[in-house]
Amino acid sequence: MSRKSQQVANSVGPLLKQAQKKFGVAGLLGLMAAALLYVAVIQPWAEQRLGVSLPTLIEVDDSPTTKPALPEAPPRETSKAADGRDEGGDLSVLTAVGRDTYRSPAGLRYTRGSQHGTRLAHLMSHAHDDPDRVGQHGVYDTTDPATIVLLVDEAYRKALAGANTKAEREGDQTVYTVDMKRRVGYVGGQSGNRRGRPPADHLRLVVQGDRLITAFPLRP
Amino acid sequence: MVSIGTCRLCGAGSLELWRCGVCRRVVALCQECDSAWPSSDTSLRPSYSSEHDMPCPGCRASLNANGTRPATEEEAAAFLTRR
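Heads up: the sequence lines are chains A and B, in that order.
Counting from 1, one number per residue, gives the positions in the first sequence under the working numbering.
Counting from 1, one number per residue, gives the positions in the second sequence under the working numbering.
Among the hints, a few may not be true.
Stated by the list, open to error - Some residues of chain A that are not near chain B, with every Cβ distance over 12 Å (derived): (1) 105; (2) 143; (3) 153; (4) 157; (5) 164; (6) 204.
Unchecked claim - Taking beta-carbon pairs under 7 Å as the criterion, some of the chain A residues facing chain B (in silico): (7) 112; (8) 114; (9) 118; (10) 134; (11) 135; (12) 173; (13) 206; (14) 213.
Unchecked claim - Cβ-to-Cβ under 8 Å is the rule here; a few derived chain A residues that face chain B: (15) 115; (16) 131; (17) 133; (18) 136; (19) 138; (20) 142; (21) 170; (22) 172; (23) 175; (24) 208; (25) 214; (26) 216.
Calculated from the structure, these hints are not laboratory results.
Note that beta-carbon positions come from the ideal geometry of N, C-alpha and C, so glycine has one too.
Based on the provided sequences and hints, a complete structural model is requested.
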């Protein structure tokens, strides 16, 4: 028998014996029916419809066995630096909204997809330079995932407000080029490295609705 | 990996040539924004990545599926002559 069942039995047993002596078998059955009606119907109805918390018939302390459900743990993105060391990062700024899907404070959704598996992993590919990459590769000044997510949020909010933003829409995708008015990274890749890694003060965001496709620093 | 230039949409991604594992068509796929074209005429409207997938612009099968591989030099040459 479980701890909860034992507590219920210990509480109800003596009461039933006393009630049987006082009211007889018919009276006892009537009392049990009334108690059942209260617990199963009246108390839940009062709480749901009226917002009134009626007293419970039996208080059961079940704290050792049941704990309040914790919210789903936020992702902990791990990226590899160019030299191979692991970089853990706290991504509690993101809220899990589905399988491999997270929402940022500004409302951007990070879903699965891309050649990296997830949009978040793709975004984090811009935390490091890729000197062999053909053309340019925008690189953030920080490797901290939370800082990057919040920076992208800042650019997204500016883009939605139309502040210092150039927007181009084609089909399902919108490309925002946002002037961040400060250095946010540099231009790497083959092209950027040839030019001495020039600083980047713009952020380019590619979105489909509220779904982030990519975001990286650039120098327009 | 054969690249045919930079994506005109995101302005940063390299357009790499992949051969679809299902329809065996060679397509140009932006490694940055996942836009994909079925021919070298990238002025046309591309196909975009969906919620969880990268559909082939030729047959809509997943480019993440088994069998999709980088295009060979010969396949790339044939792709570039196809409009």
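Cross-check of the supplied hints:
{"no.": "1", "hint": "105", "result": "21 Å, holds"}
{"no.": "2", "hint": "143", "result": "19 Å, holds"}
{"no.": "3", "hint": "153", "result": "19 Å, holds"}
{"no.": "4", "hint": "157", "result": "20 Å, holds"}
{"no.": "5", "hint": "164", "result": "18 Å, holds"}
{"no.": "6", "hint": "204", "result": "7 Å, violated"}
{"no.": "7", "hint": "112", "result": "4 Å, holds"}
{"no.": "8", "hint": "114", "result": "6 Å, holds"}
{"no.": "9", "hint": "118", "result": "10 Å, violated"}
{"no.": "10", "hint": "134", "result": "5 Å, holds"}
{"no.": "11", "hint": "135", "result": "5 Å, holds"}
{"no.": "12", "hint": "173", "result": "6 Å, holds"}
{"no.": "13", "hint": "206", "result": "5 Å, holds"}
{"no.": "14", "hint": "213", "result": "5 Å, holds"}
{"no.": "15", "hint": "115", "result": "6 Å, holds"}
{"no.": "16", "hint": "131", "result": "14 Å, violated"}
{"no.": "17", "hint": "133", "result": "7 Å, holds"}
{"no.": "18", "hint": "136", "result": "6 Å, holds"}
{"no.": "19", "hint": "138", "result": "7 Å, holds"}
{"no.": "20", "hint": "142", "result": "19 Å, violated"}
{"no.": "21", "hint": "170", "result": "6 Å, holds"}
{"no.": "22", "hint": "172", "result": "5 Å, holds"}
{"no.": "23", "hint": "175", "result": "6 Å, holds"}
{"no.": "24", "hint": "208", "result": "7 Å, holds"}
{"no.": "25", "hint": "214", "result": "5 Å, holds"}
{"no.": "26", "hint": "216", "result": "6 Å, holds"}
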